[in-house]
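The chain contents come next:
Number of protein chains: 2
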Amino acid sequence: MTDIKTTLSDVVGAEHLLTGDAIGEDYAHDEALSREPVKPAYVARPENAEQVALLLKAAAEQGIPVTARGSGSGLSGASAPRENGLLISFERMNAILEIDTENHVAVVQPGVTLQELDDKLAEAGLVYPVYPGELSASIGGNVGTNAGGMRAIKYGVTRHNVLGLEAALPTGEVIRTGGKFVKASTGYDLTQLIIGSEGTLALVTEAVLKVQPRLQHQGTVLAPFVDLDEVARAVPKVVGSGLGPLILEYIDGLTMGAITYSAQLQLGIPDEVRETSQAYLVVMLENRSADRLDEDIEELGELLSGLGAKDVYVLPGPSARKLIDAREKAFFTAKAAGADDIIDTVIPRAALPQFMARVREIAQENNTFVIGCGHAGDGNVHLAVLQKDAEVRERVLRGLFEAGIDLGGAISGEHGIGQKHVKSFLALTDPAKVDLMRRIKVAFDPAGVLNPGVLFD
Amino acid sequence: MTDIKTTLSDVVGAEHLLTGDAIGEDYAHDEALSREPVKPAYVARPENAEQVALLLKAAAEQGIPVTARGSGSGLSGASAPRENGLLISFERMNAILEIDTENHVAVVQPGVTLQELDDKLAEAGLVYPVYPGELSASIGGNVGTNAGGMRAIKYGVTRHNVLGLEAALPTGEVIRTGGKFVKASTGYDLTQLIIGSEGTLALVTEAVLKVQPRLQHQGTVLAPFVDLDEVARAVPKVVGSGLGPLILEYIDGLTMGAITYSAQLQLGIPDEVRETSQAYLVVMLENRSADRLDEDIEELGELLSGLGAKDVYVLPGPSARKLIDAREKAFFTAKAAGADDIIDTVIPRAALPQFMARVREIAQENNTFVIGCGHAGDGNVHLAVLQKDAEVRERVLRGLFEAGIDLGGAISGEHGIGQKHVKSFLALTDPAKVDLMRRIKVAFDPAGVLNPGVLFD
Ligand SMILES: Cc1cc2nc3c(=O)[nH]c(=O)nc-3n(C[C@H](O)[C@H](O)[C@H](O)COP(=O)(O)OP(=O)(O)OC[C@H]3O[C@@H](n4cnc5c(N)ncnc54)[C@H](O)[C@@H]3O)c2cc1C
Ligand SMILES: Cc1cc2nc3c(=O)[nH]c(=O)nc-3n(C[C@H](O)[C@H](O)[C@H](O)COP(=O)(O)OP(=O)(O)OC[C@H]3O[C@@H](n4cnc5c(N)ncnc54)[C@H](O)[C@@H]3O)c2cc1C
Numbered sequence: 023m024t025d026i027k028t029t030l031s032d033v034v035g036a037e038h039l040l041t042g043d044a045i046g047e048d049y050a051h052d053e054a055l056s057r058e059p060v061k062p063a064y065v066a067r068p069e070n071a072e073q074v075a076l077l078l079k080a081a082a083e084q085g086i087p088v089t090a091r092g093s094g095s096g097l098s099g100a101s102a103p104r105e106n107g108l109l110i111s112f113e114r115m116n117a118i119l120e121i122d123t124e125n126h127v128a129v130v131q132p133g134v135t136l137q138e139l140d141d142k143l144a145e146a147g148l149v150y151p152v153y154p155g156e157l158s159a160s161i162g163g164n165v166g167t168n169a170g171g172m173r174a175i176k177y178g179v180t181r182h183n184v185l186g187l188e189a190a191l192p193t194g195e196v197i198r199t200g201g202k203f204v205k206a207s208t209g210y211d212l213t214q215l216i217i218g219s220e221g222t223l224a225l226v227t228e229a230v231l232k233v234q235p236r237l238q239h240q241g242t243v244l245a246p247f248v249d250l251d252e253v254a255r256a257v258p259k260v261v262g263s264g265l266g267p268l269i270l271e272y273i274d275g276l277t278m279g280a281i282t283y284s285a286q287l288q289l290g291i292p293d294e295v296r297e298t299s300q301a302y303l304v305v306m307l308e309n310r311s312a313d314r315l316d317e318d319i320e321e322l323g324e325l326l327s328g329l330g331a332k333d334v335y336v337l338p339g340p341s342a343r344k345l346i347d348a349r350e351k352a353f354f355t356a357k358a359a360g361a362d363d364i365i366d367t368v369i370p371r372a373a374l375p376q377f378m379a380r381v382r383e384i385a386q387e388n389n390t391f392v393i394g395c396g397h398a399g400d401g402n403v404h405l406a407v408l409q410k411d412a413e414v415r416e417r418v419l420r421g422l423f424e425a426g427i428d429l430g431g432a433i434s435g436e437h438g439i440g441q442k443h444v445k446s447f448l449a450l451t452d453p454a455k456v457d458l459m460r461r462i463k464v465a466f467d468p469a470g471v472l473n474p475g476v477l478f479d
Numbered sequence: 023m024t025d026i027k028t029t030l031s032d033v034v035g036a037e038h039l040l041t042g043d044a045i046g047e048d049y050a051h052d053e054a055l056s057r058e059p060v061k062p063a064y065v066a067r068p069e070n071a072e073q074v075a076l077l078l079k080a081a082a083e084q085g086i087p088v089t090a091r092g093s094g095s096g097l098s099g100a101s102a103p104r105e106n107g108l109l110i111s112f113e114r115m116n117a118i119l120e121i122d123t124e125n126h127v128a129v130v131q132p133g134v135t136l137q138e139l140d141d142k143l144a145e146a147g148l149v150y151p152v153y154p155g156e157l158s159a160s161i162g163g164n165v166g167t168n169a170g171g172m173r174a175i176k177y178g179v180t181r182h183n184v185l186g187l188e189a190a191l192p193t194g195e196v197i198r199t200g201g202k203f204v205k206a207s208t209g210y211d212l213t214q215l216i217i218g219s220e221g222t223l224a225l226v227t228e229a230v231l232k233v234q235p236r237l238q239h240q241g242t243v244l245a246p247f248v249d250l251d252e253v254a255r256a257v258p259k260v261v262g263s264g265l266g267p268l269i270l271e272y273i274d275g276l277t278m279g280a281i282t283y284s285a286q287l288q289l290g291i292p293d294e295v296r297e298t299s300q301a302y303l304v305v306m307l308e309n310r311s312a313d314r315l316d317e318d319i320e321e322l323g324e325l326l327s328g329l330g331a332k333d334v335y336v337l338p339g340p341s342a343r344k345l346i347d348a349r350e351k352a353f354f355t356a357k358a359a360g361a362d363d364i365i366d367t368v369i370p371r372a373a374l375p376q377f378m379a380r381v382r383e384i385a386q387e388n389n390t391f392v393i394g395c396g397h398a399g400d401g402n403v404h405l406a407v408l409q410k411d412a413e414v415r416e417r418v419l420r421g422l423f424e425a426g427i428d429l430g431g432a433i434s435g436e437h438g439i440g441q442k443h444v445k446s447f448l449a450l451t452d453p454a455k456v457d458l459m460r461r462i463k464v465a466f467d468p469a470g471v472l473n474p475g476v477l478f479d
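Order-wise, the sequence lines are chains A and B.
First residue of the first sequence? That's 23 in the working numbering, and the numbers climb one at a time after it.
First residue of the second sequence? That's 23 in the working numbering, and the numbers climb one at a time after it.
Honestly, I wouldn't trust all of these hints.
Heads up, the list lumps identical chains together, so a pair's fine if it works in one copy or across two of them.
Heads up, simulated DSS-like pairs for lysine-lysine below, C-alpha to C-alpha not over 25 Å straight-line [unchecked claim]:
#, residue 1, residue 2
1, Lys-344, Lys-332
2, Lys-351, Lys-445
3, Lys-27, Lys-61
4, Lys-142, Lys-351
5, Lys-357, Lys-455
6, Lys-79, Lys-455
7, Lys-142, Lys-259
8, Lys-357, Lys-176
9, Lys-176, Lys-259
10, Lys-61, Lys-455
11, Lys-357, Lys-344
To be clear, the hints were calculated from the coordinates, so they are not data collected in a lab.
Let's have the full structure, built from the sequences with the hints guiding it.
This is how it looks when you write it as structure tokens:
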């Protein structure tokens, strides 16, 4: 038997198999907080599906753990490698293969970043509407985590916008699922099963994405409320209005302070409003027509005033962009402020007040500082947890997850379980479901080499 | 060991276990054409999830095939029972459990029909936007086939509108998947895997459905074109316009003749237009505002004229409803006209002209009459095949499926594989994929009792 290094290097070429010191620090982690970096034994940079399949086959034969890596911007340690493992980096598979304006799809390799895709689609007057906060993220990573972001309230998440995949299986086969169509009833939906599986079932080598006409007019409204309960009460009304918001975010007072401060953003909110507002709602609308947008913004303003907003600010374009940008970077602001963890529990959106009440209790009981913002329309709450003591922090996280699940929610809305939350996931999920998922995992990956330690222990 | 009849009857009560002559003819088939009815050995009518689980457990222990039945309106023989089998009819599990206006979801039992749900939601100003042509269909059946229908172009299909399930597994466990939220990244998406699995993986005992504000204003435009190629060329432009059509259907000349004739519908299209129009496009728009709707209809009319429509008829409400209704009943019209089979191949929508060219060739080569209509926006072509000779018919169907797959499509867009198209499915699908699906099937159903003969042989 040839040694594994030679085998891998034969597949991708010596130049694209890195070992030892040639492996840069960046490959040793994703963006998950409070985790030690771990360098893998090998980094391979394949250039096509066949190479990916051959790498997987070799790894399966030799029982070597394999982790897929897109841009490494994940927040749950799902693309962080194993010490004795192989990291497959998709950086070279980064071509936009086709923008098909007749079928309204884009066909891309997994290493394409959201920014690259967006730039290209903008030229064609199209948009891929999944905008998680980090545009350096790759499509492969988005598929891995079922990435969401602010526009999910209107367009859904990755799952709703990926129509088909090409994927390499740990058995060494390459399959194609779905296609340039929005629906099929022809066997099990493998596309959907692979989406959100965090690189534990199959590795994506190509994706067919649904794209939309890019609407030209956008308007943003910022509304301060007394507290989060009021915001939570307003959200279903905005959803029910038929205005079809593109973005519907809440930001708590502290987070608003932090992100506007760090972005040097002046929103012109008078002191007396600011001082008595513990929560903000940010609503963005879009339209094909400028006139209709203006009417809608007006209607939205009246609606929000009627729902208790202390004022309604229609933000000028540049401020709106800056605010959204600052909100997207809230993670980095929290990190800079010393956050030790970030979670993104999802709950039924109407349960937001109850959930936040539990969050406050848990924080207090554990002497921990918890602040946040979130995709209010989706009930997806992003909380930064500041607690240095790892044991206490684990207890706090577990408590927050439990609270979310008790209210009918789930541990993560879009960041995933990764390596970080495996214990909580296994402890808090119905064992019948976990067993079923394990059997599905075996159906794809009998040798158990794909991202061991992610989802399952 | 107690005999199976006693076991089953102990679970649901003697009154709800039917055998022999007590089993009505209706249970012996679904709406699939050219199939002999088959009465099952047992029909059980459970009233809750626990009973369903116990039935499954008993059947698995004794190796008895189990078929789930909603309303039996399926078109692929997927709810048609096995002679020695148990049919589980969900007719008694037909409660609408909750209309939650804060989270915009409805929670229903699987036996609820679309019509019942629609009536109830209308009262609350809400809509569950999945409208397959047959409103007597049940939610459980919709989940089974991943039902689509005309509004998929705007709202997606069942898959995009079911947020969570309760389901009984053949191992006798009851699990809950998803919930009152639009997204999660917390393990494999079992909801999506069960949707479209045609009762072969798990039986749905409850569903959480995403509902939408019910927009009050709708307008319908009918545009005759010289031929289907012209229609196909117009479709991407309508999609790309941003007008966001609710319905985007094509109807070929013969089908239009048949359905308007059988519905006694006068559309007032002058003879000279009718005689030179081989294909029609039907576009419905909806809006919250009557004024905006009028503007959009106007814009749509101009767009269609520019794209070669021979005329553009804005249909008055009652005619529009009748036409849509007649289109929905096209299946029954075709059946009455002697159609021997109906298929619903899905292709990338821009491939419609190539596909239809192949359809014409195959029809001619085999001396077979093929007419149709379809969800043009989705590339989902419904074809009625008139050919009495079963062998020739099989050849025609196989040819049509192959043609669709060659163009990047799939055998069925929304009707499913069922028992009818298993051979074609297995012959035309990548064996690596079929094997993977079989392994997934085993992960759910180790005893192989759920709907054997559907999807797999
Ligand atoms: C500032 C900031 C803001 C963020 N905001 C959001 C947000 O709003 N919404 C949101 O959802 N996320 C957000 N994220 C998280 C992150 O951007 C997403 O999880 C994104 O999907 C990760 O993409 P990536 O390419 O960096 O993936 P990676 O971190 O490289 O990988 C993520 C997962 O995908 C798997 N994977 C990667 N490539 C493949 C492939 N080709 N085939 C199969 N599996 C693969 C990996 O194994 C891993 O399990 C944010 C992150 C940051 C840093
Ligand atoms: C006139 C007409 C028009 C139609 N138009 C359309 C259309 O436009 N779009 C479309 O998609 N379909 C259409 N159909 C097909 C049919 O209505 C759909 O397939 C529908 O989803 C079937 O629902 P049902 O309750 O009748 O299911 P059934 O026929 O009873 O069952 C369908 C499948 O679901 C499974 N099933 C049923 N209940 C459950 C459960 N509780 N758990 C798990 N599996 C279950 C069955 O085992 C079977 O595999 C049409 C049919 C007719 C007769």
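We went through each hint and held it up to the structure:
1. Lys-344 <-> Lys-332: within (22 Å within a copy, 49 Å between copies)
2. Lys-351 <-> Lys-445: Classified as neither; 28 Å inside a copy, 53 Å across copies.
3. Lys-27 <-> Lys-61: within (16 Å within a copy, 61 Å between copies)
4. Lys-142 <-> Lys-351: within (23 Å within a copy, 43 Å between copies)
5. Lys-357 <-> Lys-455: neither (34 Å within a copy, 43 Å between copies)
6. Lys-79 <-> Lys-455: between (28 Å within a copy, 17 Å between copies)
7. Lys-142 <-> Lys-259: Intra 36 Å, inter 20 Å, cutoff 25 Å: inter-copy only.
8. Lys-357 <-> Lys-176: So Lys-357 and Lys-176 fail the 25 Å test inside a copy (29 Å) and across (40 Å) alike.
9. Lys-176 <-> Lys-259: both (15 Å within a copy, 22 Å between copies)
10. Lys-61 <-> Lys-455: Neither: 33 Å inside a copy, 34 Å across copies.
11. Lys-357 <-> Lys-344: within (19 Å within a copy, 60 Å between copies)
Checked against the numbered hints given earlier, the structure breaks hints 2, 5, 8, 10 and satisfies all the rest.
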